[in-house]
Amino acid sequence: MINALGAPQHLLLLGGTSDIALAIAREYARVSPALRVTLAARPGARRDAAVASLTAAGCTAVALDFDALDTAAHGTLLDGVTVDIDVAVVAFGLLGDPEQAWTEVEAARELAAVNYVGAVTTGVALGARVRAQGHGVIVALSSVAGERPRRSNFVYGSTKAGMDAFYTGLGEALREHGGRVLVVRPGFVHSRMTEGLDAAPLATTPEAVAQAVVEAVRDGKEQIWVPGTMRAVMSGLRHLPRSVFRRLPV
Amino acid sequence: MTRSILSGWGGTSPSASDIVRPTDLATLRSALTTPGPRGVIARGLGRSYGDPAQNAGGSVLDLTGWDAILDVDVHAPTVRVQAGISLDRLLRAMLPLGLWLPVVPGTRQVTVGGAIAADVHGKNHHVHGSFGRHVVSMDLLLPSGDVVSLTPEGDDPDLFWATCGGMGLTGIVLATTIRLQPVETSSFVVDTERTPDLATLLERLASGDDAYTYSVAWFDTSTRGPSLGRSVITRGRSARVEDLDPSRRSHPLDFAAPQRGRVPFILPTSAVNRLSARAFNALWYAKAPRHRTGEVQDITQFFHPLDVVGDWNRLYGPRGFCQYQFVVPDAEVAAFTSAVEAIAASGHVSSLNVLKRFGPASPAPLSFPMPGWTLAVDLPVRPGLDALLDHLDALVVEAGGRVYLAKDSRTSPATLRRMYPRLDEFLTVRRRVDPHGVLRSDLSRRLDL
Ligand SMILES: Cc1cc2nc3c(=O)[nH]c(=O)nc-3n(C[C@H](O)[C@H](O)[C@H](O)COP(=O)(O)OP(=O)(O)OC[C@H]3O[C@@H](n4cnc5c(N)ncnc54)[C@H](O)[C@@H]3O)c2cc1C
Ligand SMILES: NC(=O)c1ccc[n+]([C@@H]2O[C@H](COP(=O)([O-])OP(=O)(O)OC[C@H]3O[C@@H](n4cnc5c(N)ncnc54)[C@H](OP(=O)(O)O)[C@@H]3O)[C@@H](O)[C@H]2O)c1
Chain A
1 MINALGAPQH LLLLGGTSDI ALAIAREYAR VSPALRVTLA ARPGARRDAA VASLTAAGCT
61 AVALDFDALD TAAHGTLLDG VTVDIDVAVV AFGLLGDPEQ AWTEVEAARE LAAVNYVGAV
121 TTGVALGARV RAQGHGVIVA LSSVAGERPR RSNFVYGSTK AGMDAFYTGL GEALREHGGR
181 VLVVRPGFVH SRMTEGLDAA PLATTPEAVA QAVVEAVRDG KEQIWVPGTM RAVMSGLRHL
241 PRSVFRRLPV
Chain B
1 MTRSILSGWG GTSPSASDIV RPTDLATLRS ALTTPGPRGV IARGLGRSYG DPAQNAGGSV
61 LDLTGWDAIL DVDVHAPTVR VQAGISLDRL LRAMLPLGLW LPVVPGTRQV TVGGAIAADV
121 HGKNHHVHGS FGRHVVSMDL LLPSGDVVSL TPEGDDPDLF WATCGGMGLT GIVLATTIRL
181 QPVETSSFVV DTERTPDLAT LLERLASGDD AYTYSVAWFD TSTRGPSLGR SVITRGRSAR
241 VEDLDPSRRS HPLDFAAPQR GRVPFILPTS AVNRLSARAF NALWYAKAPR HRTGEVQDIT
301 QFFHPLDVVG DWNRLYGPRG FCQYQFVVPD AEVAAFTSAV EAIAASGHVS SLNVLKRFGP
361 ASPAPLSFPM PGWTLAVDLP VRPGLDALLD HLDALVVEAG GRVYLAKDSR TSPATLRRMY
421 PRLDEFLTVR RRVDPHGVLR SDLSRRLDL
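Here the protein sequences come in this chain order: A and B. The first sequence maps to residues 1 to 250 in our numbering. The second sequence maps to residues 1 to 449 in our numbering.
Just to be clear, a hint being listed does not mean it is correct.
Said to hold, decoys possible - Beta-carbon label-pair distances, calculated as ranges:
hint : chain 1 : residue 1 : chain 2 : residue 2 : range
1    : A       : Glu-215   : B       : Arg-432   : 42 to 50 angstroms
2    : B       : Thr-34    : A       : His-239   : 54 to 62 angstroms
3    : A       : His-190   : B       : Thr-34    : 48 to 56 angstroms
Hints in this document: simulated from the structure, not taken from any laboratory. Note that this is a predicted model, so its numbers are computed, not measured. Here a beta-carbon is modelled for each residue, glycine too, at the ideal position from N, C-alpha and C.
Please construct the entire structure, taking both the sequences and the accompanying hints into account.
Written as structure tokens, this is what we have:
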């Protein structure tokens with residue numbers, strides 16, 4: 001169970017090798033001394049390293065095979081997870097090559113399949129689990145890129161817009177079942193996903209995202225931006241005329 | 001059966017359970033013998049602060065309709081009731097007979113079942129002990145479907161005592177016979193005094209409590225420095241007819257208990273903030289007389305000043321609040337003082353602080369009271385509260401004390417084990433009567449019970 005101050009006993013990371021997801025696990029390990037973490041990820045050296053790093057942080061870390069593209073398996077994905085899932089983090093995602101993404105069918109399909117379809121099918125499985133449990137918090141890592149599509153990465157942005165809408169709606173649907181969804185919209189985060197890219201204004205770190213998530217779950221929030229100032233920025237950007245928006249260096 | 005969101009009085013950790021309102025034994029029995037995969041737990045009036053009376057994804061038996069008064073023996077005196085009756089209704093029924101409950105907690109809006117399951121205490125703990133001591137017998141419905149009649153001396157005293165304080169995890173209390181106390185009036189003769197600091201307060205309670213049946217102190221945790229722990233002590237005894245104003249002597253047992261205002265459903269943000277809590281602390285102290293003896297007060301004035309504001313918990317807003325109540329042994333005055341200092345220095349301000357010196361413990365393995373000092377504080381959920389309460393847990397464990405499960409919403413299985421050295425005795429009984437873990441609550445999941 002999650003306690004009154006937002007400390008879970010069992011955390012599920014979908015995308016168990018994600019830098020942001022692992023930072024969230026480490027942040028929770030500080031408030032929940034006997035934290036159990038299930039890392040759902042593709043098998044391999046990265047997953048092994050993630051299990052080892054959380055074990056070293058004092059968690060009981062367990063790996064679960066998961067491929068976002070294997071949607072047929074998503075319906076039964078959680079069957080083997082017998083312990084209540086107090087907090088689930090939906091962290092898998094691809095940034096992809098933004099030019100290929102809108103010019104090559106296969107590249108576009110993969111982004112859409114992982115970031116949107118996979119997010120929806122796993123969301124269905126998570127929703128079923130929350131309904132059965134009568135409690136549970138789902139943290140969905142969306143992105144400011146989904147709030148207003150930009151020329152520079154609009155395919156990625158469109159997948160995030162879709163998953164953002166799905167999880168926002170899922171939050172409404174799960175309310176009466178004791179569940180809660182927190183949609184997180186980070187700006188640019190320094191992680192493996194953005195390695196080698198020029199940082200955008202207001203760039204942040206996985207640790208900062210993790211802190212904001214833990215606080216927001218404790219406070220019962222349903223939507224946050226990281227950093228928090230991003231909220232006002234995006235609200236301004238959303239209302240700019242397209243002719244102006246397209247000239248911005250974002 | 002309806003699925004509803006339930007939480008405790010603190011409003012934290014809501015979850016969804018299927019609520020069953022049983023009106024006959026067959027429904028109750030089948031709820032236990034054909035449980036769903038996530039089990040069943042009883043619920044009374046939901047006055048526990050945390051998560052013991054909710055069962056996420058499972059069933060909750062709302063017993064508040066199971067509330068008949070079955071028999072009164074005015075000579076013993078005892079009363080036999082169904083366990084869902086509230087202490088409020090029971091008191092109103094017993095007072096005209098000149099009878100009074102042996103233990104009355106800080107609100108009358110609790111059920112007899114809840115009073116047994118938490119083994120509740122009142123202002124008279126130092127004289128009369130906790131609720132379980134006054135239970136003559138109880139009928140307990142077990143997960144097997146059997147109903148056993150338990151007494152403290154009977155065939156299964158372990159199950160009797162595991163049920164007192166057992167947070168509903170040994171069975172459903174169906175009916176119980178409780179010992180009552182004769183009274184001449186519904187009023188109390190009360191002495192009030194203010195103490196300027198913590199040391200004086202502890203000294204006054206240690207030396208003076210024996211002269212009173214009821215004793216409690218309201219306590220300021222927001223003032224630091226030399227005035228740390230300034231307080232208002234109220235102590236009293238049941239009034240006799242000759243104590244009353246002559247105009248009231250013809251109807252000494254009358255019981256008027258108004259409910260003045262209700263608080264609107266969930267204020268958008270917490271109306272209790274640091275300033276208002278500080279102001280409340282200061283006001284409470286200032287409005288109390290420095291010293292006044294022999295004042296006659298009614299039940300609500302003396303026992304339940306908070307019941308006058310219905311639903312006052314909603315003042316805390318949607319995030320809710322934690323009540324933290326701990327006890328440390330008599331000799332651990334230093335630990336007690338450190339805990340008070342830690343609260344005062346934390347910046348977390350509690351507006352309701354109740355301090356009392358407990359008497360002897362009960363034989364129940366999970367009963368909370370032990371001879372020593374207990375303090376209850378109400379803390380709105382704010383950043384850093386977890387660190388403060390973890391720190392207090394550590395102090396309490398170190399001093400050989402414990403926190404109260406009826407108030408807890410955030411401690412851990414490992415800490416609980418250190419606080420309740422007789423936990424395994426309880427678990428042995430629980431596993432004997434509930435081998436498949438049918439009786440389950442959010443609290444039992446959180447604390448691994
Ligand atoms: C304002 C206020 C003041 C309080 N002051 C005090 C005080 O001074 N002293 C004190 O000791 N406590 C105090 N309490 C706590 C309160 O007395 C306990 O939490 C009590 O258990 C609440 O009873 P309830 O009927 O509301 O039970 P609930 O909160 O509904 O349930 C509490 C537990 O009892 C179990 N239970 C309920 N009915 C049954 C049954 N028939 N059979 C088996 N198990 C059952 C539930 O499963 C649960 O584990 C206070 C609470 C409030 C809100
Ligand atoms: N970094 C940012 O600037 C930023 C900003 C806003 C939002 N986000 C979002 O935050 C989330 C986490 O990102 P991050 O920054 O932590 O990046 P990251 O470290 O690259 O994490 C991405 C994760 O997605 C997993 N993944 C990719 N394809 C998968 C598939 N087919 N099946 C299973 N897992 C797959 C990766 O697993 P493998 O190890 O198996 O590849 C990796 O764990 C993403 O959803 C991202 O869109 C990131």
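Evaluated hints:
no.: 1; hint: A:Glu-215 <-> B:Arg-432: 42 to 50 angstroms; in the structure: holds, 43 angstroms
no.: 2; hint: B:Thr-34 <-> A:His-239: 54 to 62 angstroms; in the structure: holds, 58 angstroms
no.: 3; hint: A:His-190 <-> B:Thr-34: 48 to 56 angstroms; in the structure: holds, 55 angstroms
Hint compliance for this structure: no hint is broken.
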